[in-house]
Amino acid sequence: MSDLMSYIASYFEGSLTAGERALFEERCVSDPEFAREVAAYIVMRDSLKQALAGQKRNEFAGLYEEIKGGEQVKNAEGRKSYYLFKNFVWYAAAACIGLIATWLIFFRSPEPEDLAQEYVATNFSTLSTTMGGVTGSKKDMQQGIAAFNEKQYKKALQVFQTLSTDSAARPEAVKNLGITYLVTGDHSNAIRQFDVLAKMDLYVNPGLFYKAVVLMKRGQDGDRVMAKKYLKQVADRDLAGSKEAKVWLEKL
Amino acid sequence: MALHSDTEIIEGLKRGGSQRRIFERDLYQGYFYLISHGIKKYNITAEDAASAYSDTIISIIDQIIANRFEGRSALKSYAYQIFSNKCVDLFRKDTTNKRKADHGTALDSLVFELPDKARTAIQQIIAKDEWRNMMQKLQELGEKCKQVLLFFEDGYSDKEIAGFMEYNSAEVVKTSRLRCLDKLRKMMGTNDIVK
Chain S
1 MSDLMSYIAS YFEGSLTAGE RALFEERCVS DPEFAREVAA YIVMRDSLKQ ALAGQKRNEF
61 AGLYEEIKGG EQVKNAEGRK SYYLFKNFVW YAAAACIGLI ATWLIFFRSP EPEDLAQEYV
121 ATNFSTLSTT MGGVTGSKKD MQQGIAAFNE KQYKKALQVF QTLSTDSAAR PEAVKNLGIT
181 YLVTGDHSNA IRQFDVLAKM DLYVNPGLFY KAVVLMKRGQ DGDRVMAKKY LKQVADRDLA
241 GSKEAKVWLE KL
Chain R
1 MALHSDTEII EGLKRGGSQR RIFERDLYQG YFYLISHGIK KYNITAEDAA SAYSDTIISI
61 IDQIIANRFE GRSALKSYAY QIFSNKCVDL FRKDTTNKRK ADHGTALDSL VFELPDKART
121 AIQQIIAKDE WRNMMQKLQE LGEKCKQVLL FFEDGYSDKE IAGFMEYNSA EVVKTSRLRC
181 LDKLRKMMGT NDIVK
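These protein sequence lines are chains S and R, in that order.
My numbering numbers the first residue of the first sequence as 1 and each following residue consecutively.
My numbering numbers the first residue of the second sequence as 1 and each following residue consecutively.
It is possible that part of the hints are untrue.
[As the list claims (entries may be wrong)] Simulated restraints, written as ranges between beta carbons of each label pair: (1) ASN58/S / ASP108/R: 10 to 20 Å; (2) VAL88/R / GLU59/S: 22 to 32 Å; (3) THR184/S / GLN136/R: 51 to 61 Å; (4) GLN147/R / LYS232/S: 48 to 58 Å; (5) PRO32/S / GLU8/R: 27 to 37 Å; (6) ASP3/S / GLU130/R: 22 to 32 Å; (7) PHE164/R / GLU33/S: 31 to 41 Å; (8) ASP89/R / GLY219/S: 45 to 55 Å; (9) THR162/S / GLU8/R: 26 to 36 Å; (10) ASP3/S / GLY142/R: 19 to 29 Å; (11) GLU65/S / GLY17/R: 25 to 35 Å; (12) GLN147/R / GLU20/S: 39 to 49 Å; (13) ALA127/R / ASN58/S: 42 to 52 Å; (14) THR7/R / THR162/S: 16 to 26 Å.
Derived by calculation from the structure, the hints in this document are not laboratory data.
Predicted, not measured: the structure shown is a model, and the values here were computed from it.
For every residue, glycine included, the Cβ atom is placed at its ideal position computed from N, Cα and C.
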């Protein structure tokens with residue numbers, strides 16, 4: 001081991017006195033050969049730091065996969081319970097259908113279609129423009145939103161469809177695509193888009209709630225039951241739209 | 001949510017030893033939701049968000065180990081702040097196609113421990129970029145040398161390293177790692193040793 005290496009290491013490990021440190025720093029400026037060795041020491045330590053960061057990134061990448069894998073298993077288990085629950089609901093629905101029909105005749109509740117229509121009119125008459133810069137996909141998104149707000153739905157659909165293949169803009173594009181289908185009365189396509197949205201891993205995901213809104217608005221056979229089921233899931237899991245879902249569940 | 005409180009994580013990381021990895025993993029899991037948040041808010045890919053998140057956690061660990069984390073904010077806010085900055089950097093690099101064009105000195109470089117004049121002199125030498133392929137040289141250094149240097153770089157004391165790597169004492173570790181640095185320095189070439 002060279003004395004010079006030991007001396008340089010002592011400086012960076014903080015074991016020199018104030019006087020020795022001042023001398024070391026002065027030598028870095030006045031002695032080019034010494035400065036070169038200090039530079040080499042720093043390059044070595046920085047490279048080691050970089051290698052260490054790489055090692056930790058790999059460890060965290062493994063942990064990332066572990067956590068994501070765990071979430072997928074949890075979702076799969078959730079889906080399993082969901083299907084068991086779904087069957088149970090159907091059996092219960094079949095058994096109680098007569099009672100429900102009688103109850104509906106005598107105690108008429110607000111129509112789901114009316115609630116959904118009111119929600120759509122209040123929330124989807126215009127879309128809000130995205131924040132941030134106006135480059136690339138963001139610019140296109142704003143054009144799509146502008147077309148929607150001007151009720152040029154055909155143009156809006158084209159823009160959102162194109163953007164829905166762009167990975168960065170995909171969640172917002174799919175959401176806006178679903179909303180555009182909903183307001184234009186294409187309920188099947190709206191449900192399809194909100195299904196896709198609901199499966200995305202987002203911080204706030206209104207997919208399931210919007211799907212319930214479409215089913216309520218469409219009002220075909222079985223839609224109301226399914227809508228209630230989705231609203232219950234939204235309320236129980238405190239997903240986006242849970243506030244409205246709780247109120248509607250009391251009314252429906 | 002993290003399994004441990006902020007204080008437990010900070011103390012666990014500083015305490016070192018083999019338990020440190022547990023607290024590093026816990027810290028990583030604690031704010032994992034930031035990845036989804038980053039994807040949505042900054043329009044970056046899942047891969048980029050995960051990478052920014054890893055770098056955030058690495059940076060927090062470094063700050064804590066080096067006693068630079070002053071605890072003025074909760075770890076959650078601290079993580080959010082660092083992660084947001086990294087996401088904004090990624091977003092800007094993406095939108096201006098300047099990705100990988102940044103060759104400036106890393107902000108955590110040891111050179112910043114020097115005062116202004118000395119730093120300028122040393123940075124000028126480093127900027128000549130004479131020492132290339134350092135990662136390759138580290139690979140050629142030998143596993144034991146590399147490991148002892150990486151443990152030290154990770155903030156473990158010579159005493160702890162002696163325990164992990166079955167050296168007789170902290171002094172032996174210190175001598176060994178300085179010898180390893182000498183060896184690496186020779187591999188870098190142009191070794192004008194000053195007496």
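*Broken hints, numbered, in rising order?*
5, 9, 12, 13, 14
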